[in-house]
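Undergrad: Sequence order for the protein chains is A and B. All letters in the first sequence, in the order written, are residues -1 to 110 by the working numbering. All letters in the second sequence, in the order written, are residues -6 to 189 by the working numbering.
Certain hints may be false.
Examples of chain B residues toward chain A, derived with CB under 7 Å [as the list claims (entries may be wrong)]:
(1) Val11
(2) Met18
(3) Cys21
(4) Leu22
(5) Thr26
(6) Val33
(7) Leu61
(8) Phe65
(9) His169
(10) Leu173
(11) Leu184
(12) Ile187
Hints were generated in silico from the structure; no laboratory data involved. Remember, predicted model here, so these are calculated numbers, not experimental data. For every residue, glycine included, the Cβ atom is placed at its ideal position computed from N, Cα and C.
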Amino acid sequence: MMQKYITGFALSLALTLVAYFLVINNETHPWMLVVLGVLAATQLAVQLLYFLHLDDEVGPRLKQLSFWFMALILLIIVVGSIWIMNNLNERMMHFSPTEKNQYMLTEYDKGF
Amino acid sequence: MNNESVTENKSLLSRTSVGFWLYLMTDCLLFATLFATFAVLRDATAGGPAGRDIYEMPLVLAETLILLTSSFTCGLALIGLATKNKRQVLYGLLATFVLGAAFLFIEVSEFVKLIGEGHGPQASAFLSAFFALVGMHGLHVFVGLLWLSVLALTIWRRGITDKLTRQLTLFGLFWHFLDLIWIFVFTVVYLMGIVK
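Work out the full structure, taking the sequences as your base and the hints as a guide.
TA: Next up, the structure:
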């Protein structure tokens, strides 16, 4: 039990410091966002296993089941929002702010 | 305590902890919507400062390490619970409280500084999303500190009972969960915010 906490703590500490100093020293690296995502996901796994003990559940695995369902909904909310809003931004890009305003007003006058 | 009541307490604990876990999962979805909002609005700075102009990275790293350590000391308190070691439980909780309060102090002083410089939540959509997400996590930490102090005082006065064991186990879940959310605040808001 104690051993597990110490391992989890050491791993989390290492992952946090690696992520921090990588970013501070290479702010412009093109792969940085991906690297940070992978490091955060690794730390998620470490803490779920070593701190929240998601792996030693017995009987019907309600915690794991609800966790994966939550993860599905979470991905739909986050990825869906980013996708739709960026797509919308891109479609409106060739307008200047005044044109954008005008376009929205004419669309509004057409009714729904 | 006889064997029967030990088993009974264990099954009660596993049932209540599943219920509490379900609450944590819904709380995750609350944070998911705030993260999605932040991700969409992070470049909507309305001529105001972007993330990299206002973040104090060394302080943010300090906050992260403090919260991580408090998660660890909370784990130590939970281990003390398993061996009915009252001293270890109380010292573990005290360390967790001090570290949690230090985290909150750094966060609030950052907020006060930003608002004083005119970069409050009303300045841009980015700052609204920033304050909502980071502030929501801070609010959770604050509630956690209240819960923690009530539990620690009760254990100090009454010793480790079955009921307090269950409650403290749930608090442990909550506190580890807050640390996990912070890892993502740290990564998505701060680290990804200074990538050019």
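Undergrad: Can we keep the B/Cys21 interface hint, with Cβ of chain A closer than 7 Å?
TA: holds, 5 Å
Undergrad: If you take the shortest Cβ to Cβ gap from B/Thr26 to chain A, is it below 7 Å?
TA: Since chain A brings a Cβ to about 6 Å from B/Thr26, closer than 7 Å, the hint holds.
Undergrad: Does B/Ile187 pass the interface check with chain A, least Cβ-Cβ distance below 7 Å?
TA: Because about 6 Å separates B/Ile187 from the closest Cβ in chain A, which is inside the 7 Å limit, the hint holds.
Undergrad: A closest beta-carbon separation below 7 Å is what the hint needs, so does B/Val11 meet it against chain A?
TA: holds, 5 Å
Undergrad: Double-check B/Phe65 for me: the hint is only fine if its C-beta lies closer than 7 Å to a C-beta in chain A.
TA: holds, 4 Å
Undergrad: B/Val33 was flagged as interface toward chain A. Is the shortest Cβ-Cβ separation under 7 Å?
TA: holds, 4 Å
Undergrad: Hint B/Leu22 vs chain A: min CB-CB distance below 7 Å?
TA: holds, 6 Å
Undergrad: Let's test the interface hint: is any C-beta of chain A closer than 7 Å to that of B/Leu173?
TA: holds, 5 Å
Undergrad: The hint names B/Leu61 as touching chain A; please verify it with the least Cβ-Cβ distance against 7 Å.
TA: holds, 6 Å
Undergrad: Regarding the hint that B/Met18 lies at the interface with chain A, is the smallest CB-CB distance below 7 Å?
TA: holds, 4 Å
Undergrad: Does B/His169 pass the interface hint, meaning its C-beta sits closer than 7 Å to a C-beta of chain A?
TA: Check passed: Cβ of B/His169 comes within 4 Å of chain A, closer than 7 Å.
Undergrad: Does B/Leu184 hold up as a contact with chain A if the rule is Cβ-Cβ below 7 Å?
TA: Constraint on B/Leu184 satisfied, holds at 5 Å.
The structure shown violates none of the earlier numbered hints.
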